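K.L.:
Note that the protein sequences, when read in sequence, are chains A, B and C. Per numbering that gives the first Met the number 0, numbering through the first sequence is continuous, rising by one, with the last residue being 139. Per numbering that gives the first Met the number 0, numbering through the second sequence is continuous, rising by one, with the last residue being 139. Per numbering that gives the first Met the number 0, numbering through the third sequence is continuous, rising by one, with the last residue being 139.
These are computed hints drawn from the structure, not numbers from a lab. Worth double-checking, as some hints may not be accurate.
The list cannot tell twin chains apart, which means a pair is met if one copy fits it or any two copies do.
As the list claims (entries may be wrong) - Lysine-lysine pairs mimicking DSBU-like chemistry, simulated, CA-CA at most 30 Å apart:
1) 33 - 4
2) 130 - 10
3) 14 - 33
Note that the structure is a prediction, hence the values are computed from the model and not measured.
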Amino acid sequence: MKWYKTTLEIKTSGKKLYNFTSQVEEVIRHWGVKEGICHLFIQHTSASLVASESYDPTAKQDLEAFMNHLVLEDQPYYRHTLEGSDDSPSHMRSMLTNTSLSIPVDGGGLGLGTWQGIYLFEHRVRPHRRKVLVRCLSVE
Amino acid sequence: MKWYKTTLEIKTSGKKLYNFTSQVEEVIRHWGVKEGICHLFIQHTSASLVASESYDPTAKQDLEAFMNHLVLEDQPYYRHTLEGSDDSPSHMRSMLTNTSLSIPVDGGGLGLGTWQGIYLFEHRVRPHRRKVLVRCLSVE
Amino acid sequence: MKWYKTTLEIKTSGKKLYNFTSQVEEVIRHWGVKEGICHLFIQHTSASLVASESYDPTAKQDLEAFMNHLVLEDQPYYRHTLEGSDDSPSHMRSMLTNTSLSIPVDGGGLGLGTWQGIYLFEHRVRPHRRKVLVRCLSVE
Numbered sequence: 000m001k002w003y004k005t006t007l008e009i010k011t012s013g014k015k016l017y018n019f020t021s022q023v024e025e026v027i028r029h030w031g032v033k034e035g036i037c038h039l040f041i042q043h044t045s046a047s048l049v050a051s052e053s054y055d056p057t058a059k060q061d062l063e064a065f066m067n068h069l070v071l072e073d074q075p076y077y078r079h080t081l082e083g084s085d086d087s088p089s090h091m092r093s094m095l096t097n098t099s100l101s102i103p104v105d106g107g108g109l110g111l112g113t114w115q116g117i118y119l120f121e122h123r124v125r126p127h128r129r130k131v132l133v134r135c136l137s138v139e
Numbered sequence: 000m001k002w003y004k005t006t007l008e009i010k011t012s013g014k015k016l017y018n019f020t021s022q023v024e025e026v027i028r029h030w031g032v033k034e035g036i037c038h039l040f041i042q043h044t045s046a047s048l049v050a051s052e053s054y055d056p057t058a059k060q061d062l063e064a065f066m067n068h069l070v071l072e073d074q075p076y077y078r079h080t081l082e083g084s085d086d087s088p089s090h091m092r093s094m095l096t097n098t099s100l101s102i103p104v105d106g107g108g109l110g111l112g113t114w115q116g117i118y119l120f121e122h123r124v125r126p127h128r129r130k131v132l133v134r135c136l137s138v139e
Numbered sequence: 000m001k002w003y004k005t006t007l008e009i010k011t012s013g014k015k016l017y018n019f020t021s022q023v024e025e026v027i028r029h030w031g032v033k034e035g036i037c038h039l040f041i042q043h044t045s046a047s048l049v050a051s052e053s054y055d056p057t058a059k060q061d062l063e064a065f066m067n068h069l070v071l072e073d074q075p076y077y078r079h080t081l082e083g084s085d086d087s088p089s090h091m092r093s094m095l096t097n098t099s100l101s102i103p104v105d106g107g108g109l110g111l112g113t114w115q116g117i118y119l120f121e122h123r124v125r126p127h128r129r130k131v132l133v134r135c136l137s138v139e
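The following block holds chain A by itself, in its conformation from the complex (with noise of 0.2 Å):
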């Protein structure tokens, strides 16, 4: 068994998803994983990670805009507003989702189904630099 690591750098740019798949499956071909489980973990609570649809852009559109209908911003009861009215609720988004997701590796790949792909979901406005964290367990 080997053990691979990187950090994945995802620059962001406003409330969206962000699909990067290409950059994990580039990783583990770049590694020579053959089978086993990557783990990803992102290193914040204003974004966060899903796996999700990734074939009909509308279908992220709806996910994008239901999160803004579940989680309000500027609502009496917050308390966390210094840094403005998208703080608190990037944190609630992020709990709602995940900050670790572990997927398996199946014949040098992600073991994704056919409609499945991995993102990050930015919760806030402005740009930031994102870091996800991969580890990955080879079990050959």
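Using the hints provided, position chains B and C relative to the given structure of chain A.
P.N.:
Relative to chain A, chains B and C alone:
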């Protein structure tokens, strides 16, 4: 250390929670894994994984009803509507629950709490055959 | 590669987020794990795991208040009500957050971001002793 893998196929018939704990326990017993970690990954974007109360059936019914109240169908801002009114909500419901779960294996079985069971949460109305990848690292 | 395991017991007194990052860091230091992956699994269906902002206490308060607004008690369609009005909502809140978290270990500690902490989210009113399984794969 040893690596075991299989794919479980779970048949669904409508928007419900399907308890498949016994199927996971069965493959772990079959492999003879005593100690390690079991990774579950669902290869779908309209069905998801949940670890929840498995004793009282009314708990399961409340979770199903709650999800219908939290994520509404036919909202005016939905754009991903070609495949039916349960399509876009199915991705939203998946996003709010889990695509991957990592469960310790202890004493030859899943290290679940007394009341915990592992569910597949089907978010589509029509029958489906869902695939859950099971990857197990045995540490003995 | 080596495998380490323990169970953390966390005492709770009401519906709040309990930061237990230091307890996880302590066992990792005690084991002397420098590099690998740490799996956390909570053996409960009415308490859950969250990685979130741990610097400003108002962020934590907003997350707690938000969950109370998102998942209401005493809804007419709830059927799982015998154990109190916080029972069924506790399963819903667990479902929306995490049962398992996988966190890289780097340089002898958790590979968390600057502001990240690991919380147990208690969803019941009464005091509880909660169990979190900690499993750590050291890859050196």
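K.L.:
All hints, please: hold or fail.
P.N.:
Against the structure, the hints:
Taking identical chains as interchangeable, the C-alpha atoms of residue 33 and residue 4 lie at most 30 Å apart whether they share a chain (15 Å) or sit on different chains (14 Å). For the homomeric pair residue 130 and residue 10, the shortest alpha-carbon distance inside one copy (9 Å) is at most 30 Å, but the shortest distance between copies (33 Å) is not. Neither within a single protomer nor between protomers do residue 14 and residue 33 lie at most 30 Å apart by alpha-carbon distance, with minima of 34 Å and 35 Å respectively.
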